[in-house]
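Novice: Below are the chains, spelled out letter by letter.
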Amino acid sequence: GQNIDQPTEMTATEGAIVQINCTYQTSGFNGLFWYQQHAGEAPTFLSYNVLDGLEEKGRFSSFLSRSKGYSYLLLKELQMKDSASYLCALKGDSSYKLIFGSGTRLLVRP
Amino acid sequence: AAGVIQSPRHLIKEKRETATLKCYPIPRHDTVYWYQQGPGQDPQFLISFYEKMQSDKGSIPDRFSAQQFSDYHSELNMSSLELGDSALYFCASSLGTNTGELFFGEGSRLTVL
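So the sequence lines, in the order shown, correspond to chains A and B. So the first sequence is numbered by the numbering used here: it starts at 154 and just counts up by one. So the second sequence is numbered by the numbering used here: it starts at 7 and just counts up by one.
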């Protein structure tokens, strides 16, 4: 089975940097993924890690440590439109399904 | 660019009725996933198909069934609807199964009264 943990809510200021953590337990590992979801809309893919280390994609970066079962999503130069839920997702035992965590609701304030 | 198309976008049904949701994946995508998302909850994996065969099954009730057709579109059939089935149903598609980059449709909102 798989278990994914994320903080429920976070608040940050426009222009700042925020780090959203995700810890997981899984018996198999086929990748760790980050999605953004605005309320009532579909999730959109942000980033993924299969190997340990940092993946950078513009204002977004994601880090993975497989030995620690830990990942984080780093958002730089925060903008108001970044207010959304950020979902950590895992391809664990099966490579056919993506299991989502409960998400972190990020509120960006002026 | 073409995205994942879901229909209908909104559906209202009574308890014990049936409903069918349709999903048209991005052209050339061979894998389709169905997710159910209740209010304030994360998307729950229901079922997936790869090359028209069921590839994995999640927390899909026995009252639900799904299939992928020869043109790769998929349908989710829900019978004996219950109040708790009210949710946003997302379909997603991907090219191959090794990727976690899923492309989601805008969802079908089902309300059961």
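It is worth saying that the hints were derived from the structure and are not from the lab. Be aware that one or more of the hints could be misleading.
Stated by the list, open to error - Computed cross-link-like contacts, DMTMM-like style, restricted to lysine to aspartate or glutamate with a CA-CA straight-line distance of at most 25 Å:
#, chain 1, residue 1, chain 2, residue 2
1, A, K234, B, D68
2, A, K221, A, D205
3, B, K63, A, E194
4, B, K28, A, D205
5, B, K63, B, D36
6, B, K21, B, D36
7, B, K19, B, D68
8, B, K63, B, E88
9, A, K234, B, E88
10, B, K19, B, D36
11, B, K63, A, D158
12, A, K221, A, E162
13, B, K21, B, E88
14, B, K19, A, E194
15, A, K210, B, E88
16, A, K221, A, E167
17, A, K229, B, E107
18, B, K28, B, D62
19, A, K221, B, E107
20, B, K19, B, E112
Unchecked claim - Cβ-to-Cβ under 10 Å is the rule here; a few derived chain B residues that face chain A:
#, residue
21, H35
22, S54
23, Y78
24, S92
25, F96
26, T105
27, F109
28, G111
29, E112
C-beta atoms are modelled at their ideal positions from N, C-alpha and C, and glycine is treated no differently.
Novice: If a hint holds in the structure, say so; if it doesn't, say that too.
Specialist: Hints and how they fare:
Between K234 (chain A) and D68 (chain B), the direct Cα distance comes to roughly 40 Å. Violation of the 25 Å bound is thereby established for this hinted pair. At roughly 10 Å between alpha-carbon atoms, K221 (chain A) and D205 (chain A) fall within 25 Å of each other, so this suggested pair holds. For the suggested pair K63 (chain B) and E194 (chain A), the alpha carbons sit about 24 Å apart, so the restraint of at most 25 Å is met. Restraint check for K28 (chain B) and D205 (chain A): the C-alpha separation of about 38 Å exceeds 25 Å, so the hint is violated.
For a cut-off of 25 Å, the pair hint linking K63 (chain B) to D36 (chain B) stands: about 17 Å separates their Cα positions. For the hint pairing K21 (chain B) with D36 (chain B), the CA-to-CA distance comes to about 34 Å; that exceeds 25 Å, so the pair is violated. Between K19 (chain B) and D68 (chain B) the CA atoms are separated by roughly 19 Å; this keeps the pair inside 25 Å, and the hint holds. Proximity of K63 (chain B) to E88 (chain B) is assessed by CA-CA distance (about 21 Å); at most 25 Å being required, the pair is judged to hold.
Our distance criterion of 25 Å between C-alpha atoms is broken by K234 (chain A) and E88 (chain B), whose separation comes to about 36 Å. The suggested pairing of K19 (chain B) with D36 (chain B) is violated, with an alpha-carbon distance near 31 Å, which exceeds 25 Å. At most 25 Å may separate the alpha-carbon atoms for a hinted pair to count; K63 (chain B) and D158 (chain A) meet this at roughly 22 Å. Between K221 (chain A) and E162 (chain A), the direct Cα distance comes to roughly 23 Å. Compliance with the 25 Å bound is thereby established for this hinted pair.
For the proposed pair K21 (chain B) and E88 (chain B), the alpha carbon gap of about 5 Å is at most 25 Å, so the pair holds. Distance hint between K19 (chain B) and E194 (chain A) is fulfilled; the C-alpha atoms sit about 22 Å from each other, no more than 25 Å. A C-alpha spacing of about 43 Å is found between K210 (chain A) and E88 (chain B), which places the hinted pair above 25 Å, so the restraint is violated. With a C-alpha separation of about 31 Å, the suggested pair K221 (chain A) and E167 (chain A) falls outside the 25 Å cut-off, and the hint is violated.
At roughly 22 Å between alpha-carbon atoms, K229 (chain A) and E107 (chain B) fall within 25 Å of each other, so this suggested pair holds. Under the criterion of a C-alpha separation no larger than 25 Å, the hint pairing K28 (chain B) with D62 (chain B) is consistent with the structure, at around 19 Å. Annotation: proposed proximity of K221 (chain A) to E107 (chain B) holds, straight-line Cα distance about 23 Å (limit 25 Å). Distance restraint check for K19 (chain B) and E112 (chain B): the Cα-Cα separation of roughly 20 Å lies within the 25 Å cut-off, and the hinted pair is therefore satisfied.
For H35 (chain B), the suggested interface contact is broken, since its CB lies about 13 Å from the closest CB of chain A, more than 10 Å. The interface hint given for S54 (chain B) is met, as the beta carbon of that residue sits about 5 Å from the closest beta carbon of chain A, less than 10 Å. Because the smallest distance between the Cβ of Y78 (chain B) and any Cβ of chain A comes to about 16 Å, over 10 Å, the interface hint for this residue is violated. Hint status for S92 (chain B) relative to chain A: violated, with the closest Cβ pair at about 14 Å, above 10 Å.
At about 6 Å, the closest approach between the beta carbon of F96 (chain B) and any beta carbon in chain A falls short of 10 Å, and the interface hint on this residue holds. Interface hint status for T105 (chain B): upheld, as the beta-carbon distance to the closest one in chain A is roughly 8 Å, under 10 Å. A distance limit of 10 Å between C-beta atoms decides the matter here; for F109 (chain B) the minimum to chain A is near 7 Å, and the interface restraint holds. Hint on G111 (chain B) holds. Least Cβ distance to chain A is approximately 6 Å, under the 10 Å limit.
The closest approach between the C-beta of E112 (chain B) and any C-beta of chain A is roughly 5 Å, which is under the 10 Å cut-off, so the hint is satisfied.
Going through the hint list in order, the structure does not satisfy hints 1, 4, 6, 9, 10, 15, 16, 21, 23 and 24.
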